[in-house]
Each structure stands twice: as C-alpha cells, then as structure tokens.
Amino acid sequence: MATQTAAVGGRAWLGRWRAENESELDEWRRGVYRFRQSTLSIVGLAAILFLIVVSITGPYWVPYPEDGTGTVHPAERFKAPDGGHLFGTDEVGRDVFTRVVLATQTSFKAGIIILVVAISIGVPLGSIAGYFGGRVNEIIMRATDIMLTVPGIFLALSITAALGPSVLNAMLALSITWWPGYARLVQAQVLSARENDYVQAARSMGASHRRIIFKHILPNIISSIIVKASLDVGFAILNLAALGFIGVGAQPPLPEWGAMIASGRRVLPQYWWYSTFPGLAMFLTVFGFNMLGDGLRDVFDPRSRR
Amino acid sequence: MQLRYYIVRRLLLFIPVLFGLSIITFTVSHIVPGDPVGLAAGPGATPQEIEQLQHDYGTDKPLPEQYLTYMSNLLHGDMGRSMTSRHKVLDDLASFFPATLELVLVSMVLAIAVGIPLGMVSAVYRDRWPDQFSRIFALSSISFPRFWLAIVLQLIFAMTLGWMPVGGRFDVRQTLPRTVTGLLLVDSLLAGSLTDFLTAAKHIIMPAICQSLTVIAFTTRLLRSDVLETLQKDFVRMARSSGIPERVILFKYVLKNSMIATISTLGFLFGFALGGTVLIESVFDWPGIGLYALKSAVTLDFQPIMGITLFVGLLFSIVNLATDVVYGMVDPRIRYG
Amino acid sequence: MLSSLLPSEGPLVKIRDLRLNFNTFDGVSKVLAGVNLTVEKGDVLGLVGETGCGKTMTALSIPRLIPCPPGEIVGGEILFEGEDVLAKSEDEMRELRASRIAMIFQDPTTNLNPVFTIEEQMIDAILCRMGEQSALGLTPFSRWQGSVREKRTEARHKAVEMLKRVGISQVEDRIGSYPHEFSGGMRQRVLIAMAMAGQPHLLIADEPTTALDVSIQAQILRLVKELVDEFHLSVLLITHNLGVVAKICNKVAVMYAGRVVETGTIREIFKAPKHPYTVGLLNAIPTRASRRGELQGIPGSIPNLLSPPAGCRFHPRCAHAMPQCAADPAPGMIPLTRTHQVVCHLFD
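Protein chains in written order, with the working numbering: chain A, 12 to 317; chain B, 554 to 890; chain C, -6 to 341.
One thing to keep in mind: the hints can contain errors.
[As the list claims (entries may be wrong)] Just a sample of chain A residues kept apart from chain B, beta carbon distances all over 10 Å, derived:
#1 R22
#2 V43
#3 P85
#4 F119
#5 P135
#6 A172
#7 L265
#8 F298
[As the list claims (entries may be wrong)] Below, in silico cross-link-like pairs of lysine-lysine (BS3-like), each with a Cα-Cα straight-line distance of 27 Å or less:
#9 C/K81 - C/K23
#10 C/K144 - B/K809
#11 C/K81 - C/K240
#12 C/K264 - C/K81
#13 B/K786 - C/K81
#14 C/K34 - B/K809
#15 C/K23 - B/K786
Just so you know, the hints here were simulated from the structure itself, not pulled from any lab data. The beta-carbon is built from N, C-alpha and C at its ideal position, and this holds for glycine as well.
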C-alpha cells in the first residue's frame, strides 16, 4: 500500500515536474533532434562510445595481456603486421595491437581526470567571481589571467622538471593549466546570467545566494560547460600524449600512445607500423571528441541556430 | 592620447602578472624532490664540491630568501645560469628566441592566409560541400596529433622523397647570413642572397605547416560562425536593398565586421602556437626556446625553465596587449577608457 | 528612366496569390497563404495587421529580400511595373533594387553597419543607385584610379546634398562619423537619405517610426510625407499603428495570418469596415468614446502558422463565423466598390 502511494506520488511528481519544465524539455527534444540531424556528431558519438567500450573491456580480450608490462620476447622483435600480430610488434617483441588497446584506457582515464579536476576548480571559482563581482571577482580573475598567460606545455615542463616525468605528474600539470579556461567561461556566463530578469526577480523575492546559483544560474550555463568539456577531453588526451611523446609524460613500460609514437619514430621508416597505429588510434579518439563537441555546440549554441 | 594612457595602464598591469608568474615558476621549481645540484655536479663529485655548488646557486638558503634573491636578480635582468651549459639564461634566450619567433610568425601568416579564405568559403557555401569539406579539414587538423603529423611529413617529404631537409634551421654546409634581426628569412634577404633565403625557406616550411594547421582550423571555424552571424544582421539586408552587389557585401561589409572578432582571438592563437613549438621544435630539431626548454626539463635544469616560462608568459601578455590595441584601432566602437 | 516616361499601364506592384513557407525545425510554417495586393502608381498604401501576420514578409518579397532558405516561395506571382520579379536573375534583381525600389527599416541602429563611416556607406549605396557599381572600390588600390575617385567624389556630393535634404545639420563635419555617434532619429534620417538617393518608384517603409522616441516619430513621419510629395513616390507603409495610417496613407490593406483580408481607401476602411477582423481592429483603437473603459480587444490570439485553422483563418476568433467558414477555404477578393475589396464568406 505504502509503495503504491509512493509510486503514485512519484508519478504525480513526475507529471508536475514535466509540466513545470515543459519549455526546457521542449528545448532538449529540439536539441536531440538537431543532434540527430548532424551525421558528423553521430559518427563522433559512435566513435567515442566504441572507444569507451574498448578501454573498459580491452584488458579482458587483448591477445597478449602480459605485453602491457615490461615483458620481452627477443625472438619476436619488429614483426610486420600479420594474423598473429595485427599491428606488428615493437622493439622488444611486444604486440603493438595489445599495447594500443591498453593505452586507450590510460588516455581516457587521464583525460577524464584532468577535466574533472579542472572543472571542479574552475567552475566554483568562476561562479563565485561572476556572482559576487567586486573585489572577489578582481582577485580571482587576475589570478586566472596570470595562469592563462603561461602556455600549458611550458608549465608542464617545469612541473615534470621538478617532480620527475610520470603520467601522474603530467596529469597534474595539465589540470593546473586547464582550470582557468573554465573559470573564465563560467565567470562571463554567470555575469550575464546574473543580470537576467528572472534572476533579478528571484533575488528581489529574497532567494538565497546558494539557491540562486544552483537553481537559476548554473542550469543555464551547464550547456556551455558540457560543450567545452566534450571538446577538451580530446585536447587533454592529445596534450597528455604530447608530453609522453617528448618524454616527460608516461614512462615505459606503461602503454601510452605518445610514448609509443616516440619510440616508433626512432625506427622509421623501416618499422612504420610501430608509430603509425598508435597515431591513428589517437587521431580517432580526438576526432571523435571534436565531432561530438562540434555537434553539441550546434545543439546548444543559440547563435548557430536558424 | 587616450591610447597612450590605455597602454601605460596595461603595462602597469604587467607588474602583478610578472609577480604572479615568478611565484608560480619559483614554487614549481622548488618543490623539487630530486637533487638538481647533485645531478649537475655529476656522479663523481665530492661532498665539498656539491656544497660549493649549492653555495654558488644559493640552494642552501631558506626559500623566501632564495625567492627574494631570484626576484632582485630578475629585476636586474639576471635570470640565472643554466646548470648544464653554464650559460646565462638570458643569453641563451636571446640566441634561441629568434628561431622560435620566426617559426611562429611564418605559421601565423600561413594560418591567416589560408584560414580566412577558407572560413569565408565555408560560410558562403554553408552546409554545401565546400563547407563540409572545410569542416572535416578543420576538425581533422585539430585532431591530428601535431607531432605525429610532423613525423609523417618528415617521413614522406624528407626521408622518402628527399625534397625537404629532415630538420634543423639551415644547411650546415652553408654559412649563415650576417645576423641582423635573427630571422633567417629576413637576414638572408638583407644580405641579398636568394640561395640562403631558399635554404631557410625550405627548412621552415614543414615545421611551419605543422605548426599552423591547428591555428588554421580555429580561424576557419571562428570566421565561419562569425560571418554566418553577421550575414543575419539588418545592415546586410539594408545593403542588399540598396542594390550593393553580394560580392561587395561579403568582402567589404561582412568581412570587416567578422575580421574584428577574429583579430581579438589572434593573441590567444599566438599563445597557442607558442606552446606548440615545444613539440614541433623537438621533431624538427629546430633550435628555438621550445627545444631549449625541453632539453632543460629532461636534465632537471630548472633555471632556464623558470626563465623561459616567465619569458613566454610576458611575451604572451605583450601580444595580448598588442592585439587589444589593434582591435581598438579597427573597431570604431571601442574607446579606450 | 525610360520606363517611367512610357505611358503607364497597369499597377506599380501586383501581387497575386503569393504563398510563402518557412521551413523550420518544428515543421513548415505557412507564413503567406495567398496574398493579393495591388499598389497603384501614386498610392500611399498602409499595410496593417498584428505582429507576425506577414506584413513584413509580403513587403520583403517584392524586392526579393526574404532569406531563402529557410523561406521558400511556393506559389503566386509578383509583378513590379509589369515585370515578373520571381523570374528575374539575382543580378537583374540587384539592378531593380538599386534603381527602382527603396526601403527603410524599423530599427535604424541595426540597419547601419557599425564599423563603417556614414560617408562610406552612403557613397557605396549612392554609387549603386547611380548604376556605378564598378566604382565601389573593393580594394584600397582601386581608390587610386582617377575614374573611381571622380565617381566617389560625385557620389559624396550627392550624399551631402541628401543629408541636408533630410534635415541633418553640419553635414560636412558629421558625414565622416560612425553610426554610433548619431542619435536614433538621426540614423533614421541617414537611412532615408540613403534610400532616396536614387529616383525610386516605390518606397517600402517597414515600421519606420516604431523604434523611435515618440517626439521623433512625428518628425520622421513628416519627413517621409514631404519626400513622397516631392519625389512623386508610391509608398508601401507597413505599420501596426492605425494612427500613422490615417495621417499619411490614402489606401489601406489589412492582413490577418498570412492573407490580405480587406483593402480599400482610407475612407472606406475607417468609415465602413466590412471584414469582422477590420471592425475588431478599429474598435481596439482608443478613442474619445472609449475613454470610459469601453475599449474592446479581439478575443483569442493569432493562430499558430505551423497548423493554421482550416477554412478562413480568422473563424475561431470571429463573432460572425458560420459553419461554412470552418469548412470552405476563404473566398477570393470580393469587390464591393471599385477600390474596396474584402475576403469573407459574409459577402459571398
């Protein structure tokens, strides 16, 4: 009896919620429609979903799971791609296919962590600065601007020079250089959202700061955060690989695309497969995220609408 | 007059920026768990030698004191010495920076020369094949790992076809033109040597292309969306109703409006390109500050890295200021207040 | 110029059964559903109706300035001085817009390009109106050519003269200014000067006073009226303000939801309106008699053009609706007098 009441109450609540948010829901439906209209976005989404599945399940089905570590098979050195080794083998005889698949997980994990850290620093700072304005805004945005003046890769170099090269330090470095972008985005959006009539109305009715920020302002800027984040995951992955490539990111034997490309580069052009396949995998990943982000921007950005 | 005040005020803002930057770089390079001095001294160094070195570099003093020393040296134009090469960092910067500047400038010119027409075409043929083409081109060139593309280009045009040099800035068998600006393309022309110019051009073309692709992509997408937005404006309809030809509307009225928005992002793109030099320079063995920073990072040589980070940060601030000034000059609505 | 010397036959503009769709994400919006409209030479025709009824779209379709896509003309005919507008090439249209049709728009702030001086914009527009597009000077280099400079100087003289004519003082000092340095009323004067710089046969004025301060509105309206008399213009004036119509028009066309429902002279429409919608519209004007709270609106609201009501589009709001109004499509133009026509089953 009690559960039934709860269910009825739940349904009623759902109905009420729907009625109250009719216009937002409508907006979402249109967004989904627009997204589905765009072939490239669908391709991007499909590529990302595929790669996520690969990165999660990869360790369970790769042909040579032990090749993800520092194993050595001297007899198998630099074998060209064939049935046994789809992408060939590397300088110590490890299966390149296995390592490319395992590296997917390294990259996705790192990309997502970087973004999560950057967003959880940048969004609160940006909202506080934009919402309260005045001196708080001045201090936070000055600091943000200073952080923005350092191109990330140089700061990453200093950090790795200080802490030593590793994936973790590379991620740390990238997170530190990534949050100012979010702080800026959110600050600008909050600043303009704050002036909106409905926010002014809520304020005049005595709503608390917390309520105004979470209930009225954040929902309105969430879409631009989503768009930026979806584009940024790709770039974060790209930058992590770049650090791996120049030797200050992931260290052997951890499978990572950038580091693999760097080792493969030394044996070009003879053993071309060694650096080609990690490069393609990376391209596919970043391309997927970019198409997805581009599609999402078309969905959310009212300026690109007709 | 107003402009001068504006510039002075912006220059004053460089002080906190410099202060902030130096704190960041100083903090970062002093959380060192490793032992840079020991590393610089070499494995065979006696404790006395290490102590002597620590004293020389001031690493035996407390951190705040080290920072003050660092800051006061900095204000005297002293960025310290590289521990590996024993050169003054400032001298190293002065000798490596022109190469980077040349690379970034050429790639920016390339990016603008390709990106703007591509963006216009994309907007005019919205959703038709030229637009789809440029969209895929732009998206894929942001997605290509630049260093990977650099390797591929090297493999094809240098190693296989032999059309281009594999790396470096100039042919070792030729003597460099007399240094005037430090930019080889300019110096060779000033020296009146076409061969030198061509050699320099041949060396810079591949790195510059790799460097510019991302910027091209950004410019294209940005200009496209801005042109599309501008085309919706009332004044475009007004111009059409006056019978002004579409070509003129597009290349005069719309382009100027959209270019202004694009100019405002040039500073950001310049910074972006500057960051990319580390990768490109390492692949093409281009003797610029990116390669210098990378080599220093690998050897845990933190004085040069601090110097470079600071320098790049300041440079970026200057470029941003320049962008804002130019922006104000082309947009009549902006008044420096 | 030659065409205006020829003996005129037929009306200046004749729109017959014009149908325009907008293809939107939510479906096809039938913005114009068979518009019939005639502008005779010398007419000052007021096109009135509620916001969104298609007045502006009707007007913009004459010089073919409707953005396509998303717009799409799916039927009908537009004749301008006997020429089929819809059959013309892009270039012929440009020519027509430059030489014979002038337009002024609602918002003078957005209709001037913010990053060019008034001088630059006026010279370009005037050069086109003079048929000298070649002197537009797309590149800075072409400005060095003597012939281009000469043409531009000539156009500049014309610009100064026109600006003086529309009542801008100290023209020489101000012509080099940017639009944001002018007030709203001034900008509208500039736009009028740009429009009138040729010898247009038709002036399309789309709510020319709506965005202006009330005190400026009267001045601009007076200016338009003066110019109309001076240049012997025919005018299509779009407005939702019947007061403006009464002041300067000699004829009125009333639109409702994508159709012209009634046309006639000022006298006929204001004294003896026939269509129930026109009657409602006139009753909604505040007058002395309605001061005591007898102001009447029209019940209901304008239909959604994505799925307009079947039959006559006004029938859901009409007090006189008959069964046939919902069933049969609205009739064609029913002539009541030589000038007065109505689209309504009541007069079948």
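A quick look at each hint next to the structure:
no. : hint            : in the structure
1   : R22             : holds, 43 Å
2   : V43             : holds, 20 Å
3   : P85             : holds, 26 Å
4   : F119            : holds, 15 Å
5   : P135            : holds, 20 Å
6   : A172            : violated, 4 Å
7   : L265            : holds, 18 Å
8   : F298            : violated, 4 Å
9   : C/K81 - C/K23   : holds, 24 Å
10  : C/K144 - B/K809 : holds, 23 Å
11  : C/K81 - C/K240  : violated, 36 Å
12  : C/K264 - C/K81  : violated, 40 Å
13  : B/K786 - C/K81  : holds, 25 Å
14  : C/K34 - B/K809  : violated, 40 Å
15  : C/K23 - B/K786  : holds, 24 Å
In summary, the numbered hints that this structure violates are 6, 8, 11, 12, 14.
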